[in-house]
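Novice: One letter stands for each residue in the lines below.
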Amino acid sequence: MVMEIVCPAGTPAALRAAVKAGAHTIYCGFNDETNARNFPGLNFNRVEMREAVQFAHQHGSSVLVAINTFPRAGDEAIWHRAVADAEACGVDAVILADLGLLDHTARTHPGLRRHLSVQAAAANADVINFYADTFGVKRVVLPRVLSVPEIAAINAETEVETEVFVFGGLCVMAEGRCSLSSYATGLSPNMNGVCSPASHVEYIEDRGALDARLGGYLIHRVDKGEPAPYPTLCKGCFTAGEKTGHLFEDPVSLNAERLIPQLQKAGVTALKIEGRQRSKSYVAQVVRNFRAAVDALEAGRPLPEGMLARLSEGQAMTTGAYKKTWR
Amino acid sequence: MELTVGPNQFFWPAEGWSVFYDDLTRSPVDRVVVGELVCSKRLPFYQDRIPDAISKLVGAGKDVALTSLALVTLKRERRLTAELAEMGVMVEINDLTALAHLPEPCIFSVGPLVNVYNEGTLRWLAARGARRICLPPELPMVSVETLTKVATDLGVAIEVWGHGRLPLAISGRCYHARLHGRSKDNCQFACEDDPDGLDVLTTVGRPFMAMNGVQTLSDSYACSDHQIEILRSAGVSALRLSPQSTGFAALCAMYKQRIAGTLPRGALAQEVLTANPRLRLSDGFLSGSCGAEWSGTTNHSP
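Those protein sequences? They're chains A and B, same order as listed.
According to the numbering used here, the stretch in the first sequence is residues 1 to 327, in order.
According to the numbering used here, the stretch in the second sequence is residues 1001 to 1302, in order.
Rather than coming from a laboratory, the hints here were simulated on the basis of the structure.
Some clues are possibly wrong.
[Said to hold, decoys possible] Keeping only pairs whose Cα atoms sit at most 27 Å apart, straight-line, the calculated BS3-like set for lysine-lysine is: (1) Lys243(A) with Lys1041(B); (2) Lys323(A) with Lys1041(B); (3) Lys265(A) with Lys1075(B); (4) Lys1075(B) with Lys323(A); (5) Lys138(A) with Lys1075(B).
Please read all numbers here as calculations on a predicted model, not as lab measurements.
Throw the hints in and build the complete structure from the sequences for me.
Specialist: Okay, here's the thing in structure tokens:
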């Protein structure tokens, strides 16, 4: 079976562009703190979601709604309403991370298909099967800390479908278990749906250099005129012991297009593209390329060459943990 | 209010590890969580000492729990996790994989690396057998208050991160190994050189974080001195003190005096800073606008 391309959409226009470009599945979120890309001007209100689902279904595509932050104590009703509204909009599945929300959804919306978000950091077959047995989870988005052989080993031991990130931003920390951002800024992926938020970024010119700060902490310094990467905390330049450099991760983005055949052999069901904050033209181009790749694979043709390099916005690309270089 | 000693987050020589837990038998803490939280590769160096430490601590009247790993990926780690329940003490889950292996029904405790952010999750864990939950350090006081109220009604004890470098992230990549140009499998146990973590500074020298193998910690030492009265009135059962390689017995004694009321608010933090003037303290997750903030005025300015 052809591998499923799961594509992000931050706006209704991006969703339509992705559908037309051949995405099998689109994932998106409501325009509030219930999703992990809670950026200004992004995401869908309830009316837009209903129309988006209709549009996608008319064109043979599916829609997943990410409700994958951890509900705030005292305000769970906001998250419960998001699940109910997603079901009412006719979405094909919800992507959840929180135990309490999984339990609520399994009990009160049993007919709504449940996927486990990468934010749940389910990194082995035992815990994946636990989520399936306990909450009826049908698919898990695997954390970006696993190698291809580890993914193959998981698929050999579970009936749950696996979805893996193949392109876009790269977390080097186990997702859903990182509070670096709230330590520096007060806002975190788990609680607020943001990491290294733009509201806390400052660019300061200092004697021919350009400093990028987050929450007052210097993350990068480049010479004036050089491209300044966004100050994502874990990809900053720091000093430890005798060494100064990108101690956690280089400012790279993930591109696992060359690994698609290996991921298919490893039993992966779906390939996920990161980037609900991206433009519709970016999304459309990434989708076209990945769709061409999985169609070529299915037909036994070689993969198209080097298709996505120019979409990385000048950033270096990495295959992340997949190639076992971490281990 | 009671005191719990959390699992040691660092890699210490086996002999020093044993001395640390021997000392704890004589300290005024109520509960000790032993075992390896951060990296399964460290375990063979002291694993055989764990049963003896447990029996000594139990003999000294301490409640003892055994932690799971924080991130379970390898077959060996899954096996270790499955075996936790056979050790005869309460298991503290710090990855849900451990829960998958606990028999039902089973009483267990929940560590700070399990995401308990709301009432629904707390109720679900309580129904499953959780009797004690150390909340994630990231939670603000308003969440602590809401959750403690629900937990009290359910008979679940709530712990809050009381003192020590904050566990901010866990990864599949070992940063100590990366720093030394090594892979994780060939790490040569570089983290052993830093018994309290290795300081990570910005390139202009401002302390920010600390690396500890696959774990990333805060530079600052979280300190609940200024929060104890609010935590107590919220119904929090215990403060969690995180092991550090020096001065830990004195720290435990000070917290005991602080919760007994024989040490005034602020005096504990002052003592800690006097003993080590270069230390940064924080309590911003509970009461500030970000985790790194400190409500006191006496912090060393980096």
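Novice: All hints are to be evaluated individually against the structure, with a verdict given for each.
Specialist: Quick rundown of the hints versus the structure:
no.	hint	verdict
1	Lys243(A) with Lys1041(B)	24 Å, holds
2	Lys323(A) with Lys1041(B)	21 Å, holds
3	Lys265(A) with Lys1075(B)	20 Å, holds
4	Lys1075(B) with Lys323(A)	18 Å, holds
5	Lys138(A) with Lys1075(B)	23 Å, holds
The structure fails none of the hints (numbered hints given earlier).
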